[in-house]
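These protein sequence lines are chains X and F, in that order.
Residues in the first sequence are numbered consecutively from 1, following our numbering.
Residues in the second sequence are numbered consecutively from 118, following our numbering.
These are calculated hints, taken from the structure and not from any lab test.
Think of the CB as a built atom: it goes at the ideal place given N, C-alpha and C, for glycine as much as any other residue.
A hint or two may mislead.
To be verified - In silico DSS-like cross-links for lysine-lysine, where the CA-CA straight-line distance does not exceed 27 Å: (1) 188(F) / 175(F); (2) 27(X) / 188(F); (3) 211(F) / 51(X).
To be verified - One-sided and incomplete, this derived list gives chain F residues near chain X with beta-carbon spacing under 10 Å: (4) 123; (5) 124; (6) 153; (7) 198; (8) 208; (9) 221; (10) 223.
The residues making up each chain are set out below.
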Amino acid sequence: NAGVMQNPRHLVRRRGQEARLRCSPMKGHSHVYWYRQLPEEGLKFMVYLQKENIIDESGMPKERFSAEFPKEGPSILRIQQVVRGDSAAYFCASSPDTTRQGGNTIYFGEGSWLTVV
Amino acid sequence: GENVEQHPSTLSVQEGDSAVIKCTYSDSASNYFPWYKQELGKGPQLIIDIRSNVGEKKDQRIAVTLNKTAKHFSLHITETQPEDSAVYFCAASKKGTGFQKLVFGTGTRLLVSP
């Protein structure tokens, strides 16, 4: 039973390039979350998605950041025109249908470490 | 919105001692409180969680207590071992219309010395 799978694990981008981070939720999970962790800080919520829908993106920067969770395939977090301040660990998490028992339980992937040079 | 405070930021104990990490939350509607352990270079791993209809939960050497009136919850680790060394995060959320947005504390770096 594979966990939340993220790739790439490490990504280096030059300023101005685009970064694409991918996340496959745990089997049977229909809810995906993205969190960002700056060095020596806690995790900050970015966006919550269900299949083909963005439910809450209140933690996403208004510009350059976007997320999707298509009907087929992984969830994608896209950062356009990266800047040095985007350097962070980006964690994807997933949870099962929240109307069922255990719906609150959120499981995290191993993260994607983005370094902007 | 919800705000979670966590103390202490660092905690050093000797192997075999107990460790206690405390968190407070601000939103009385929060009803779910997980604890995560994060090792260097890895993702947060859920170690225990508690829901608001329960005051205490235990799993082997780990226990969590919740005081809804005071809006605080604590993680207790007994008989600590060097492999317990990691950063621990508390979090809070409330179950609304299917949305579970975790608000995290700032983390506690636990160091267990042999």
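Compare the structure with the hints numbered earlier in the document and write down the numbers of the violated ones, lowest to highest. Going through the list in order, the structure violates hints 2, 5 and 7 and respects the others.
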